[in-house]
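J.: Protein chains in written order, with our numbering: chain E, 322 to 544; chain X, 487 to 705.
Hints in this document: simulated from the structure, not taken from any laboratory.
Each residue gets a CB set at the ideal place from its N, CA and C atoms; glycine is no exception.
One should not assume that every hint holds.
[What the hints assert, rightly or not] Once the Cα atoms are required to be at most 25 Å apart in a straight line, the calculated SDA-like pairs of lysine to any residue come out as: (1) K697(X) with P623(X); (2) K697(X) with I478(E); (3) K697(X) with A362(E); (4) K340(E) with G610(X); (5) K689(X) with W373(E); (6) K657(X) with E383(E); (7) K689(X) with A362(E); (8) K689(X) with E428(E); (9) K657(X) with W373(E); (10) K340(E) with T633(X); (11) K657(X) with T409(E); (12) K657(X) with E443(E); (13) K689(X) with Q441(E); (14) K657(X) with F500(E); (15) K697(X) with R386(E); (16) K531(X) with G610(X); (17) K689(X) with A380(E); (18) K689(X) with V382(E); (19) K689(X) with I478(E).
[To be verified] Selected chain E positions facing chain X (Cβ under 7 Å, derived; list incomplete): (20) Y324; (21) F326; (22) N387; (23) P389; (24) L391; (25) S403; (26) V406; (27) F506; (28) A508; (29) F509; (30) T516; (31) L520.
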Amino acid sequence: MTYRFDYSWIAEYWPVILKGLLTTVELTLIGTLFGVALGIACAWTRSLGPRWMRPPVVAYVELIRNTPFLIQLFFIFFGLPSLGVQMTEFQAAVLAMVINLGAYSGEIIRAGIEATPRGQFEAGASLAMTRFETFRHVVLIPALQRIWPALSSQIVIVMLGSAVVSQIAAEDITFAANFIQSRTFRAFESYFLTTGLYLLLALALRQALRGVGRMLFPRRAAR
Amino acid sequence: MMSFTLWDILRNLLLAARWTVVLSLVSFIGGGLLGMALLYLRIGKARAGQMVVQGYVELFQGTPLLMQLFLAFFGLGLFGIDVPAWLAAGLALILWTAAFLVEIWRGCVESVARGQWEASASLGMGYVQQMRYVILPQAVRVAVPPTVGFSVQVVKGTALTSIIGFVELSKAGTVVTNATFEPFTVYGLVALIYFALCWPLSKSSQILERKLNVAHRNH
Numbered sequence: 322m323t324y325r326f327d328y329s330w331i332a333e334y335w336p337v338i339l340k341g342l343l344t345t346v347e348l349t350l351i352g353t354l355f356g357v358a359l360g361i362a363c364a365w366t367r368s369l370g371p372r373w374m375r376p377p378v379v380a381y382v383e384l385i386r387n388t389p390f391l392i393q394l395f396f397i398f399f400g401l402p403s404l405g406v407q408m409t410e411f412q413a414a415v416l417a418m419v420i421n422l423g424a425y426s427g428e429i430i431r432a433g434i435e436a437t438p439r440g441q442f443e444a445g446a447s448l449a450m451t452r453f454e455t456f457r458h459v460v461l462i463p464a465l466q467r468i469w470p471a472l473s474s475q476i477v478i479v480m481l482g483s484a485v486v487s488q489i490a491a492e493d494i495t496f497a498a499n500f501i502q503s504r505t506f507r508a509f510e511s512y513f514l515t516t517g518l519y520l521l522l523a524l525a526l527r528q529a530l531r532g533v534g535r536m537l538f539p540r541r542a543a544r
Numbered sequence: 487m488m489s490f491t492l493w494d495i496l497r498n499l500l501l502a503a504r505w506t507v508v509l510s511l512v513s514f515i516g517g518g519l520l521g522m523a524l525l526y527l528r529i530g531k532a533r534a535g536q537m538v539v540q541g542y543v544e545l546f547q548g549t550p551l552l553m554q555l556f557l558a559f560f561g562l563g564l565f566g567i568d569v570p571a572w573l574a575a576g577l578a579l580i581l582w583t584a585a586f587l588v589e590i591w592r593g594c595v596e597s598v599a600r601g602q603w604e605a606s607a608s609l610g611m612g613y614v615q616q617m618r619y620v621i622l623p624q625a626v627r628v629a630v631p632p633t634v635g636f637s638v639q640v641v642k643g644t645a646l647t648s649i650i651g652f653v654e655l656s657k658a659g660t661v662v663t664n665a666t667f668e669p670f671t672v673y674g675l676v677a678l679i680y681f682a683l684c685w686p687l688s689k690s691s692q693i694l695e696r697k698l699n700v701a702h703r704n705h
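Put together the whole structure using the sequences plus the hints.
T.: Here it is in structure tokens:
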């Protein structure tokens, strides 16, 4: 059996795809920025923070890492409004991504922080740095550098996982694909094309993160 | 109008959770078998085999699982097959699982020191014997914790099959929500059931890692 690919719809629908692509990029960007910030806060709490703050962070991390992103998204978008928290599809999608990446990146960053030798803290103190300055300059930056490859892969995984936000009608690439297939009935073509776009996006994101790594850790880039 | 007690909701979700378990087992076992076959090519001597597997891994790790599910669902349909959701779900999840397992296992095989290969070669062992008696026994030890850890990803991955219409825990959550109008309770319970399935796996992966590493150090 031969199947004839039909991409004649592209002329009409490329703006939809482009808009979806932009939304996915936007989601990833905001999600990464706040997600990694949350991850740093969690990592700090678990390895250096006050003892009483640790159990809630552990519970958060374990809960998120052991439940599907789809359910987290549904809980946020459909469940929270019954507590009076209303939000748009986009906001819910971003929030779900931040919460999800926060838990994973927190674990990754913690591993980096815990690999820092104790002497580094003392060295920081002996240079008259405050605890915060020591954390920021002496502990965090080398820790981030150490775990940058793992963190980058996790960010790519979260970007790919964001495909499910189409299920709450956030208008990402997958949403565009669903939209096109419902109008044109060329299901295989539209998913084939968008899968290709995701692949390109993943490659581009990996390159971009490598660039960011080089920018953040200029002198140590020799590795 | 029917009213639902908490027990009604929970019972329905637990009944659907069976299919999450079945699908996870099928995907993990099927993906494991395919992963082994791919591993054979990946660490073999044939350059072409290595490249094919590498491309396969890039493709499946670089695209969303949801898209793979859609392509399996609609792609098989192109060949005139009437595709039930469970077939597309199983197929896509097996292919996806294999792509991750082959990478995990390759890392484990490569973590065995080069000297072990040379030592076993110097004993006159062939490739198959080296693998069978020297490399794999050591690699398997390293491979167990991350493999168990990855099974969590498989269980969570099955949630996406609800989107192509396979009725498992997530789909049941949506259906029950539509009937009860209690999304907060229902999705909360769904999350807890997933947690009950996944957390023991995560925990045992951590414990195994500690145990096997300690055992390793004593050698």
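J.: Which of the listed hints are broken here?
T.: 2, 3, 4, 9, 10, 12, 13, 21, 26, 27
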